[in-house]
Amino acid sequence: MDAVYLDHAATTPMVPEAVDAMTALLTATGNASSLHGPGRAARRVVEESRERIAAVLGCSPVEVVLTSGGTEADNLALKGLFWRRRAEDPRRTRLLVSAVEHHAVLDPALWLAEHEGAELELLPVDTDGRLLLEALEVAVARDPGSVALVSVMAANNEVGTRQPVHEVVATAHAHGVPVHVDAVQAVGHLEVDLAEWGADAVALTAHKLGGPYGVGALVLGRGLDPEPLLHGGGQERDVRSGTLDPPAVAAFAAALDVAVRRRDRLAGDLARLRERLVDGVRGLVPDVIVNGPVDAADRLPHIAHLSFPGCEGDSLLMLLDAHGVACSTGSACSAGVPQASHVLLAMGRDEATARSSLRFSLGHTTTDADVDRLLSVLGPVVERARAAGGLTAAGRARA
Amino acid sequence: MNGLESGRLRVVAAMSGGVDSAVAAARAKDAGHDVTGVHLALSRNPRSYRSGARGCCTIEDANDARRAADVIGIPFYVWDLSDRFHEDVVEDFLDEYAAGRTPNPCLRCNERIKFAAVLDRARALGFDAVVTGHYARLEPGAPGEVPALHRATDQAKDQSYVLGVLTADQLAGALLPLGDTPKDEVRREAAARGLTVAHKPDSHDICFIADGDTGGWLAEKLGDRAPRHDGPIIDAETGEELGRHDGSYRFTVGQRRGLRLGRPAADGRPRFVLDIEPVSGTVTVGSREALSVTTLVADRPRWCGAALGEPLEGTVQLRAHGAEHRARVTVDGDTVRVELRNPASGVAPGQAVVIYDGSRVVGSATIIRAAGAD
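If you're matching them up, the sequences are chains V and E in order. In terms of the working numbering, the first sequence opens at residue 19 and continues consecutively. In terms of the working numbering, the second sequence opens at residue 1120 and continues consecutively.
Simulated from the structure, these hints should not be mistaken for laboratory data. Incorrect hints may have been included.
Pulled from the structure, derived: some chain V residues nowhere near chain E, Cβ distances all over 10 Å [claimed, not checked]:
no., residue
1, Ala105
2, Leu140
3, Glu245
Listed next, the stretches of chain E that the computed footprint assigns to chain V, with coverage defined by at least 3 CB atoms under 8 Å from CB atoms of chain V [stated by the list, open to error]:
no., stretch
4, 1188-1200
5, 1242-1249
Here are the computed distance ranges between Cβ atoms for each label pair [as the list claims (entries may be wrong)]:
no., chain 1, residue 1, chain 2, residue 2, range
6, E, Arg1312, V, Leu44, 34 to 42 Å
7, V, Ala344, E, Pro1320, 31 to 39 Å
8, E, Ala1338, V, Gly135, 31 to 39 Å
9, V, Ser259, E, Pro1194, 34 to 42 Å
All C-beta atoms, glycine included, are put in the ideal place defined by N, C-alpha and C.
Chain V extracted, bound-state conformation:
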């Protein structure tokens, strides 16, 4: 029996259009930086793909800085813009970052705080995981001249909560502060019109929207020149160096095009499947907690983040895996050790609840049969995990 794959927020299968675009180019030779015919052909593929990406996103091609993926794009935005902004004015040392950011944003921010003298302020969220705008307003207004950068994600990767990007940008820009938006999880699922957002930098990655691994982009306003992370040939606006990867870039563009064109229909399908999944789980496990906003307009359509009181998320994951159902605990791993999710903790959940959670994320290959399969095994799995729950926690009476 095929595995039931409910971890599309981790990575989603490549769409056929992307596979075709990629495979068609794998045998072509030519460095996009070379001056001869084969080089120009490779460059043409890259530039046409860049134009396609820009057209879909609502930005200008020159704003698309190709990277190795979302993590590099986020690092380039956080570190590169921090360094640049502080070089322009040494008072700019504050980083205002939402408490529920992905580690690709949080960790460079923490690194800057530890090694570069940045003052990191984590902005609080409400119990649904939504940024408290007044906290941002207060933090910026306190001393706008000292803020290097604001970074807020478009939608959360664990619980799916949408962030008020428009309002964040408006607040920061009113004080002349630039904004970075991590849109890795949002593109392909939410309407993304970068011109309308008005953010200064936006990170995205191909493999979350039906493209290949190892390619992504930082969409970067024209006036912004972050300090590079990678020095070398200066291929991407002198902001990012490294030989360009035409097959991957072409496949990224093809996948993005498909993802955006079919977004409305897919979002509707996934919302329906998610509702079936959540209703079904509620029927089997009445005390399940559904995390994130209730209103569909406030969250990603394809993520169901659920806490199962009395269970350990990693027990649930293992038992479901044994039944051929792939999902995630939704939290990052440090040395393979599951940590309680910083997102759930920021939303005010206690550690036990945070550790009892699973993220089911649906995608373009998900069917009703997948949801049925999950529901057919989940009851006994939760019962088992509950029996085992807490057995490895400290504080149990000694034998």
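Fit chain E to the given chain V structure using the hints.
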């Protein structure tokens, strides 16, 4: 011979990232069991307990375990036992030292983590047993009876001592596939199976003390737990103060090196630590003869099967790689009395005495008192 004959079981293989546990998991799979590999994360932040590659809880070890599971072809997960390990092993270790005793954390880990926290969780999740790479044998009992724990065939690698704390119920949930195989054969088998850890060095010492400097680690961690660190070094015969030390936890009974006494003993012979009194910080030293022990009193017995009823003429072992001593063992309630037929040297309270009848492990107890011939 190894507990693997009893049909198809669902088992958790505890995989440290070392060669022994990898081969044990592979053998369990070959025997037809449904095996799931589990690496135990014993520290939330691996670097805080240990760096380098000698321990069992570095990132590299977790990766080695994962690669071994890939090669064997079994699912693999990391289980976070860090809270339990900290409380039941690390804290216990510190408490014991603070009280002037010399604990063995490996026994505690087997008793409370591998064959307790892990086994309990495994059973609750629908597994039947835990497989480990310990060198000891489990001989199946008659139907309905628990298997008997025996020394490994390879005497040099025998680890039955650190399993002597396991009860019948714990042994009933254990599989030990390596007990009848010499270590070098296990390495050859690992290489033949294509396991990348075939030539990985053995781990030594205490896994949660990074650099092997137990004294330094204790000095940092003991804190308020030890009422005072410094104290006098007293001559057992004369009662004279020979010098002072800056931490009684740096000493263990039987220790000769590092006493740093300014002057030699009256008889010119080396002196050894005889006793540590943690409250006053007094360390008593004396001759090698004074270390000689013929009687042990121990408590907290744990029996690998039925509790010992009649007095036993058997053998005992007093430390992990220590010698075997012939002994008469008698039990009175929770007190175990051991009369050694050939004396032991340097026995410290807190050490476990593991009791054997031939090669079979009968049980263990924690030494509270040791006495020489009167």
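A quick look at each hint next to the structure:
For V/Ala105, the requirement that its beta carbon stay farther than 10 Å from each beta carbon of chain E is met, with the minimum near 33 Å. Here V/Leu140 stays apart from chain E, with its beta-carbon at least about 20 Å from theirs, past the 10 Å limit. Every beta carbon of chain E lies more than 10 Å from that of V/Glu245, the smallest distance being close to 29 Å; the non-interface claim holds. Note: the stretch 1188-1200 of chain E has 6 residues with beta-carbon separation from chain V under 8 Å; the three-residue rule is met and the coverage holds.
For the stretch 1242-1249 of chain E, the stated coverage by chain V is satisfied: 3 residues place a CB nearer than 8 Å to a CB of that chain, which reaches the threshold of 3. E/Arg1312 and V/Leu44 have their C-beta atoms about 35 Å apart, which keeps the hinted 34 to 42 Å range intact. For the pair V/Ala344 and E/Pro1320, the supplied restraint of 31 to 39 Å holds, since their beta-carbon distance comes to about 36 Å. Between E/Ala1338 and V/Gly135 the beta carbons are some 34 Å apart, a value that agrees with the proposed interval 31 to 39 Å.
The hinted window of 34 to 42 Å between V/Ser259 and E/Pro1194 holds, with their beta carbons roughly 41 Å apart.
Violated hints are absent here; each numbered hint is respected by the structure.
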